[in-house]
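Position chain B against the provided structure of chain A, taking the given hints into account.
Spelled out from the first residue to the last, the chains are:
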Amino acid sequence: MNPVFILSQKDSRPMYLQIIEQIKNKIAVGDWSQGHKLPSIRELAISLRVSVITVKRAYQDLENEQVIYTQQGKGSYVADGENMGIKLKQQELDDLLINVLKTAKILGMTEQEITQRIHSLQKNKSINEQGEGYE
Amino acid sequence: MSNLALNLNNVSIHYPHFDLKNVNLKLESGSIMGLIGPNGAGKSTTIRILMGLLLPDSGDVEVLGYNMLTDADKARWDIGYASEDLRLYEKMSIGWHMQFIKDMFPKWDDTYAMDLLTKFDLKPELKIKGLSHGQRVKASLLLILARRPKLLVLDEPTTGLDPVARMETLNEMMEILRDEDRSIIFSSHNTADIEQLSDQITFIDRGHVVNSNDKESFIESWRRIRVSIPDNVNTSQLQHMVENHNNFHTDVLLTNHYSNDLMTQWKSFGIEINSIEAMTLEEIFLAEVTSSRKIVKQETVL
Chain A
1 MNPVFILSQK DSRPMYLQII EQIKNKIAVG DWSQGHKLPS IRELAISLRV
51 SVITVKRAYQ DLENEQVIYT QQGKGSYVAD GENMGIKLKQ QELDDLLINV
101 LKTAKILGMT EQEITQRIHS LQKNKSINEQ GEGYE
Chain B
1 MSNLALNLNN VSIHYPHFDL KNVNLKLESG SIMGLIGPNG AGKSTTIRIL
51 MGLLLPDSGD VEVLGYNMLT DADKARWDIG YASEDLRLYE KMSIGWHMQF
101 IKDMFPKWDD TYAMDLLTKF DLKPELKIKG LSHGQRVKAS LLLILARRPK
151 LLVLDEPTTG LDPVARMETL NEMMEILRDE DRSIIFSSHN TADIEQLSDQ
201 ITFIDRGHVV NSNDKESFIE SWRRIRVSIP DNVNTSQLQH MVENHNNFHT
251 DVLLTNHYSN DLMTQWKSFG IEINSIEAMT LEEIFLAEVT SSRKIVKQET
301 VL
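Chains as they are written, first to last, in my numbering: chain A, 1 to 135; chain B, 1 to 302.
Some clues are possibly wrong.
[Stated by the list, open to error] DSS-like mimics (lysine-lysine), calculated; alpha carbons at most 27 Å apart, straight line:
1) A:K89 / A:K56
2) A:K10 / A:K89
3) A:K89 / A:K102
4) B:K123 / B:K74
5) A:K102 / B:K267
6) B:K129 / B:K91
7) A:K37 / A:K74
8) A:K74 / B:K150
9) B:K150 / A:K56
10) B:K107 / A:K56
11) A:K10 / A:K74
12) B:K267 / A:K105
13) A:K26 / A:K10
14) A:K123 / A:K89
15) B:K91 / B:K74
[As the list claims (entries may be wrong)] Below, a sample of chain A positions facing chain B; criterion: calculated Cβ distance under 10 Å:
16) T54
17) K56
18) Q66
19) Y69
[To be verified] Okay, the calculated beta carbon distance ranges per label pair:
20) B:P163 / A:L101: 37 to 43 Å
21) A:N99 / B:E220: 42 to 48 Å
22) B:N3 / A:H36: 45 to 51 Å
23) A:H36 / B:E220: 25 to 31 Å
24) B:V242 / A:R117: 53 to 59 Å
25) B:D110 / A:V4: 29 to 35 Å
26) A:L121 / B:H133: 52 to 58 Å
27) B:N67 / A:Q22: 43 to 49 Å
28) B:H245 / A:F5: 35 to 41 Å
29) B:N232 / A:K123: 42 to 48 Å
Worth flagging that the hints you see were computed from the coordinates, not collected in a lab.
Note that the coordinates shown come from a computational prediction; the quantities given were computed from them, not determined experimentally.
Just so it is clear, CB atoms sit at the ideal spot from N, CA and C, and this is done for glycine as well.
Next comes chain A alone, as it looks inside the complex (with noise of 0.2 Å):
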């Protein structure tokens, strides 16, 4: 059996966070929809080849955030919750804007200033686009 997803040795992200993400990005592009079940934690430590509470890890933070509930005995579903496809990726877009804003900080860039940076990279948009992925 093809593992769900593959996690990157190389990430130097704890493997629970890439476990997470992953699944956030399942949900997002739609893979896995509203009442989807998911796999049961020991079968999807054993597909990665990572340990049990590394799993447990990912689900419990999930669970906490509302993406996904546990029904006692049954196993783990996506959570009910209107666009939460969009309200994930809203996410994603906030958390990259939280490190925009740190880095910014560090430069000592105003609110004003990051506005201007942002359109004068959109103004090059044909270079980002060609660019893109590949850091």
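Frame of chain A, contents of chain B only:
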């Protein structure tokens, strides 16, 4: 019966040149424990004690619910032990060994054994003396796995394996855990393998357990924090600061009690936090050993 696969309480053993002191280990059924420690730290001694091959001078050893000081013979049927020095008969074939073990262990699973032969790309007619290192490791693993032991004890299972054989070994280790009654304890110098697979991690150094905890707690509590420190602040004032690498304008601090509250507290000293980084298990292990050795040194001085 307890649902602990392993329970070692205050286990000590004394040798003329080595002491294992007050070892405490607990492992829940259905999980994997990784043992990490430098050579000569006491990993193999610990493993031999929990196998019932060595009697400790003091302490309690319980494995799969059996008291290993009195009932080791009963427990051994359910323990599978594989190490590099496992003795196989050089002149005999893999198939001969399979039959040999099958005759001794009633729980031997023929279907599983055949399945493993295919997965490990081994042939029953191959003689042991002609096997490569990787094939030997896989053959001994097969002989143990097909007995369906409840506790698997693996000493350096992936050492010296090529990437394919290593992947096959790790895959089979994970497959075992499909069954929630089965547990694994393994030692390795490859901290990446341990970080990936283990639920519980134990660091051993110089004959004692430096720390034993679930993996997520280790990963959660340790952080490398890059900071800028004003001239008038002494980092020794900072709570839970374990190591400090000073580098002109920036300092790199390590903590084993990371939390948002701790960061707020540090900031109140006027410290500017530039970045917070998670650490690999190898880095955590090195930091744990360094700080434990420091404490031991201080105690000896006092």
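Hints, verified against the model:
Using a Cα cut-off of 27 Å, the hinted pair K89 of chain A and K56 of chain A holds, with the two alpha carbons roughly 23 Å apart. About 24 Å separates the Cα atoms of K10 of chain A and K89 of chain A, which keeps this hinted pair within 27 Å; it holds. Taken as a hint, the K89 of chain A and K102 of chain A pair is honoured in the structure, with Cα atoms around 20 Å apart against an allowance of 27 Å. With a C-alpha separation of about 32 Å, the suggested pairing of K123 of chain B with K74 of chain B is violated against the 27 Å cut-off.
Distance restraint check for K102 of chain A and K267 of chain B: the Cα-Cα separation of roughly 16 Å lies within the 27 Å cut-off, and the hinted pair is therefore satisfied. A hinted pair counts as satisfied when its Cα atoms are at most 27 Å apart, and K129 of chain B with K91 of chain B qualifies at roughly 6 Å. In summary, the hint linking K37 of chain A to K74 of chain A is supported, as the alpha carbons are separated by about 10 Å, within the 27 Å threshold. The suggested pairing of K74 of chain A with K150 of chain B holds, with an alpha-carbon distance near 26 Å, which does not exceed 27 Å.
For the suggested pair K150 of chain B and K56 of chain A, the alpha carbons sit about 22 Å apart, so the restraint of at most 27 Å is met. Between K107 of chain B and K56 of chain A the CA atoms are separated by roughly 32 Å; this puts the pair beyond 27 Å, and the hint is violated. Distance check on the hinted pair: K10 of chain A and K74 of chain A sit about 34 Å apart at the alpha-carbon level, beyond 27 Å; violated. At most 27 Å may separate the alpha-carbon atoms for a hinted pair to count; K267 of chain B and K105 of chain A meet this at roughly 16 Å.
Distance check on the hinted pair: K26 of chain A and K10 of chain A sit about 21 Å apart at the alpha-carbon level, within 27 Å; holds. Restraint check for K123 of chain A and K89 of chain A: satisfied, since their Cα atoms lie roughly 24 Å apart, inside the 27 Å limit. Proximity of K91 of chain B to K74 of chain B is assessed by CA-CA distance (about 31 Å); at most 27 Å being required, the pair is judged violated. A cut of 10 Å between beta carbons decides the hint on T54 of chain A: the least distance to chain B is about 7 Å, and the hint holds.
Look at K56 of chain A: its Cβ gets to within about 8 Å of chain B, closer than 10 Å, so that hint holds up. Among the interface hints, the one on Q66 of chain A is violated; its C-beta lies about 21 Å from the nearest C-beta in chain B, farther than the 10 Å criterion. Interface hint status for Y69 of chain A: violated, as the beta-carbon distance to the closest one in chain B is roughly 21 Å, over 10 Å. Hint check: P163 of chain B to L101 of chain A, Cβ distance near 42 Å, so the stated range 37 to 43 Å holds.
One distance hint, 42 to 48 Å for the beta-carbon pair N99 of chain A and E220 of chain B, is violated here, with the actual separation near 21 Å. Taking the beta carbon of each, N3 of chain B and H36 of chain A are about 32 Å apart, not inside 45 to 51 Å as hinted. A C-beta distance of roughly 29 Å is found between H36 of chain A and E220 of chain B, which places it inside the suggested range of 25 to 31 Å. In this structure the supplied range 53 to 59 Å is violated for V242 of chain B paired with R117 of chain A, their Cβ-Cβ distance being about 39 Å.
Restraint check, D110 of chain B to V4 of chain A: a C-beta distance of roughly 32 Å satisfies the suggested window 29 to 35 Å. Roughly 54 Å separates the CB atoms of L121 of chain A and H133 of chain B, a value that falls within the hinted 52 to 58 Å. The hinted window of 43 to 49 Å between N67 of chain B and Q22 of chain A holds, with their beta carbons roughly 44 Å apart. Between H245 of chain B and F5 of chain A the beta carbons are some 36 Å apart, a value that agrees with the proposed interval 35 to 41 Å.
In this structure, N232 of chain B and K123 of chain A meet the distance hint of 42 to 48 Å, their C-beta atoms being roughly 46 Å apart.
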